[in-house]
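J.: Each chain, written out:
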Amino acid sequence: MTHTRPPRPLPPWWTPLLLVAIGPLVLPAHGRPDEPDRPIDFAAEIRPILSDSCVQCHGPDAAQRAAGLRLDTAEGALADLGGYAAIVPGSPDESELYLRIAEEVADFRMPPPDSGKSLSADQIELIRRWIAQGAPWEEHWAFSPPRRPPLPTVDDIRWVRNPIDAFVLAPLERDGIAPSAEADRATLIRRASLDVIGLPPTPAEVRAFLDDDRPDAYEHLIDRLLASPHYGERWGRRWLDNARYADSNGYSIDAPREIWLYRDWVIDAFNRDLPFDDFTIDQLAGDLRPDASITQLVATGFHRNTPINQEGGIDREQFRIESVIDRVNTTGSVWMGLTIGCAQCHDHKYDPISQQDYFRFFAFLNTADEPTIPVASPDDIARRDEVNRAIDDYLASIDRDPELLERQHAWEIGLDGAGRQKQSQEVREAFDFPFEKRPPGTNRVVFAAFIDQSDDPLVIPHRDAIAALKKDLPTIPTTMVVREQRTPRTTHFLIAGDFTRPGDPVEPNVPAVLPPLSQASDARPSRLDLARWLVDPDHPLTARVAVNRLWQAYFGRGIVETDEDFGTQGTPPSHPELLDWLAVEFVERGWSPKALHRLILTSATYRQSSRLRPDLAQIDPTNRRLARQNRLRLDAELIRDSALVASGLLTETVGGPSVFPPQPEGVMSLGQMNRSWVADTGPDRFRRGLYTFFWRATPHPLLVGFDAPDATFACTRRTRSNTPLQALMLLNDQAFYEFARALADRVLAEGPPDDAGKLDLAFRLALTRGPDPIEQDRLSTLLDQQRRLHSDPTDDDSTPSSEQAERAAWTAIARVLLNLDEFMTRE
Amino acid sequence: MNEIPPLLRSTRRHFFERCGIGLGSMALSSLLGDGPARASSAAEPGANPLAPRAGHHAPRAKNVIFLFMAGGPSQFELFDHKPALQRYNDQPIPPSYLEGKRFAFMDTFNKEPPKLLGTRRKFARHGESGAWVSECLPHTAKVVDDLTFLKSVWTEPVNHAPAKLFFNAGTTQFGRPSMGAWVTYGIGSEADDLPGFVVLQSGPRGPRGGAVLWGSGFLPTAYQGVPFRGGAEPILDLSRPPEVSEADQRAALNAIGDLNRHRLDATGDPEIATRIASYEMAFRMQSSAPELIDLAGESQATLDLYGIEPGAPSFASNCLLARRLVERGTRFVQLYHTNWDHHGGPTENLEDSLDTVCLDVDRACAALITDLKARGLLDDTLVIWGGEFGRTPMGEVRENTGRNHHPDAFTMWLAGGGVKPGLTFGASDEFGFSVAEDPIHVHDLQATILHLLGLDHTKLTYRFQGRDFRLTDVGGRVVRDILA
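If you read the protein sequences in the order shown, they are chains A and B.
In terms of our numbering, the first sequence opens at residue 1 and continues consecutively.
In terms of our numbering, the second sequence opens at residue 1001 and continues consecutively.
Derived by calculation from the structure, the hints in this document are not laboratory data.
Honestly, I wouldn't trust all of these hints.
Derived coverage of chain B by chain A (criterion: at least 3 residues anywhere in the stretch with Cβ under 8 Å from a Cβ of chain A; other residues may be distant) [said to hold, decoys possible]: (1) 1083–1097; (2) 1124–1136; (3) 1265–1271; (4) 1432–1446.
Over the 12 Å line for every Cβ pair with chain B, so calculated as not near, a few chain A residues [said to hold, decoys possible]: (5) TYR84; (6) VAL160; (7) PHE209; (8) ASP212; (9) ASP315; (10) ASP416; (11) THR490; (12) SER610; (13) SER658.
A quick note: this is a predicted structure, and the numbers were derived from the prediction, not measured.
C-beta atoms are modelled at their ideal positions from N, C-alpha and C, and glycine is treated no differently.
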């Protein structure tokens, strides 16, 4: 018995004709009222059933495949199984698949009861009709490269500002849904500012925007925001979630590490709009670039952000391999939206990725050394050498002084065991020579230690002189990078993913289901080849995954909701043509992130009001169809940043070592090492949240309390929780009280004399807009109440205590504003 | 002035009327077998994620108190009586035992064949059940008839942080939820004004691994454990700023509530209703949490039973807090006590260091059982005692007596909540090296704990990255023999 493969229809999003048929993709595929002749959509209606209920046992995993039947490929489903086939196109009653799912005797029915899965009558009927219609089969959409779809036609052409809007509007119009009106201008500037630079606008910026009567005032706003250095901070922080960036090693010891130069590289890359292909190559293989620059080396820190286990008695190779596993899985989810990690121990259960594929991919990332390098500019190096020479010269000018030498001798004799122990190795070696017999050259290091440590009054002026010289000493930071091994280690297939069970050696390669690697030479493929392959314009996943993440940031949910899983178990795209159009556009615009941002930000879709619409509550409760914007709670860092802007405290410095804003007592004691946290008192106290030093074992509570990731694995999508602990932090945390008081002081200093004017200013500083009468009234009531509470009737009005009462009353107003839902929400 | 109660009442009503469905009902439908929640991020807005809900079957226990003995207690000094070890004390262990085995400190530990170490602690059988307990734990020995000893527990990792993660999250990979997070995700919490999953810590240092041990992984952060701190403020930022009076705080909360309600009317976003409810619960926590930790209402007899010195944070006072938490409906309480890592160094040995840590915990553990029982809480509360792994039958060559980490066979005990009291289950071999009877993998224990709470470990799943994840990964089997 032979079967010809049924003609494969074009993927439906290629033609506007079929667009009509797949429009309802955004609705649940089953259970809809049905006309019997409707063509069944394989991708939307059948594959999810097969994938969920059949493929775990009848799928890509060769070791577990039951009855030799494979239902994740057309070949498998149509194969002759010895006189019968799972699917006989056109004949449900000859198709073993249909007969078994429709079987009445439970013991013979599929899926078997012990699988915990079952099919509904509707699902069985859908499959019957699909087979009857010829069982048309399509490849999984995400494994074919995106092609630019034609623009759909729409009626309300005036609403469309750019092609994005046509893709969103067309399906809405089909169902007679009107999009929402544009948000008001104050909302727009606050939304765009928070989204692009992560900071709310100042009242002056708002005023300027409201007064700008150019027709393209909004476009000017977007251009200004995209040019701000804070854009790199905002979007850099999102990328750092993928990179699992932290300032400590994690596990039990959680020692501090220095890798903030990588963080600054990310910020800078966004600010100079480094194209996403170069951005990718620098991070995955910057060290292998011809004539790699120091900047490109710093970029390889991406994969050095894995935790490091420094516990006593561990097998280092075990944890090295664990970090390579993490790098493989991270590369899979961050760039390709693939759950490649599922194939570490066995063939993937759902997607066509074998365990061999996994370890071939692993081999790319398994041949790197992991050094830490100093990063100094030539100027820094010259300056450092100069200072060291000056110190040497200074010491040389005094280290023959008999009086000083005598004092040095006395200092040495006075050192106890511990005092000698704490000296540097060099000094301890010099101690092996008795003072009298020590050559002057050898004595230099001891003399230097003596000048540095002794309390002798004679020494102090010299120490001060050296300290003055050291003032010019540049601090040369280090950073963690990846460097390819000279002799690459052999990668073995690990049986069951277990590092103690190496199997055959494997060579680096990419998963067979994806386009092959193109190589310049026959040499062993390298990480550089891998990185270039990822950003090949024909790669089916990279651009789609990247634009989907951008979309996710702007609307709270991706076009593919499972942004980290574009495989068969992921959710189907709500707007497949839009996704492909954006992906193609991204590549054709030279992978410019800013170009893509601008495109989305200037669309009518983005600019809609986020008000919930009762008319859509039933038909689109989760707003997949985007007939409005979404209200989104701000990310952890942005809540802090917004309060810093409102209060006027923000230190705007971009980059540099991580900082220590205040945090409640006792947080550090939850780690094994009980490290200290000394809050900064200078300008660093008021830096943006992304610069807060991140201890993995004891992260800052204001970050993790508001869903910042724990930095142990790649986080491509933060959750947004809403908890009483968050309320406690914003109400009571000393840092937030400090912000509230600063906001109050600002209002008292900058505001007009009358209360209403001051309230208006406070409201605008916190929420961008002015209060409505009800809000104004409620806050006035609170203000009066607070004044009564804080005034001391025995006092006359002119004393400083009434100033204090005034300050307390306005601080109460500020606290309320900084705790409002609207304050922590992007409308 | 004092206008908060009616306002809050209306908020509450509003919250439950408008938002009483959502994630809770979604998880429930997934629990009831309508198929797993499809999209991991589709938590419905406006739901109270910790609302109590039914599991898959009738529960035997409502709450869990997990006494986590961090560092890996030595079963050979406490529970697993091995005369053969004493007989062959100081003899090299037969090499066949070591083939293919991995230990911590491999480079030094295996330099020469390590020697068997017989305990110097005296053992006796106790109670009607005749359970073996050493002289180190005289108080525990008195309650053995209420305990279920598991002598055949085994795990996989040999290092502390990975093994702790494995015990809590069922895997050594980061990013998965911990057991307390799974449980509160599954059945919520009865506590109305306290967190559903609380972590308490005592001993010289925090547990190795830190926040990931009680993290929520890919589950919403509402399910992560809330570490309580010592001192007057158990929950972070619980107290008002010193500059703010109670009247100020009430006035502020009233205004926040009113303005948020105004915004809710304007936008229609149920997320704002949740925010209003969160502030309401935060307000209630400000009185319920201090009430919780205030032991003034406890009788002197109770304090003596636990061995609590008032004002001094200790494992004993944490045990009493655990009882007070489950009394108030907190679903999952985990106590970490360090340090049981007795390799044989000057401060980590099986001599005085072991004595110290046994003194820290013994009386309070027994008191907790006695107290729960006296109050009728033991039937509903599952108490778990154990560490991330056990220790080797061989000694280490260090300054003092000590043993290395050993995952292959170790002892734990359970009590209350649906397990058979007075039972000793499973056994290790003659030297205590491997399991001889009824192996209990950590996943089996996890499956059993979930089962007792009314949850089927194969059905308590969460879809993430295209896969339905569960606590027990791909393993786990309920240990039915120990169920009452």
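J.: Could you work out which of the previously given hints the structure breaks and list their numbers from low to high?
T.: 1, 2, 4, 9, 12
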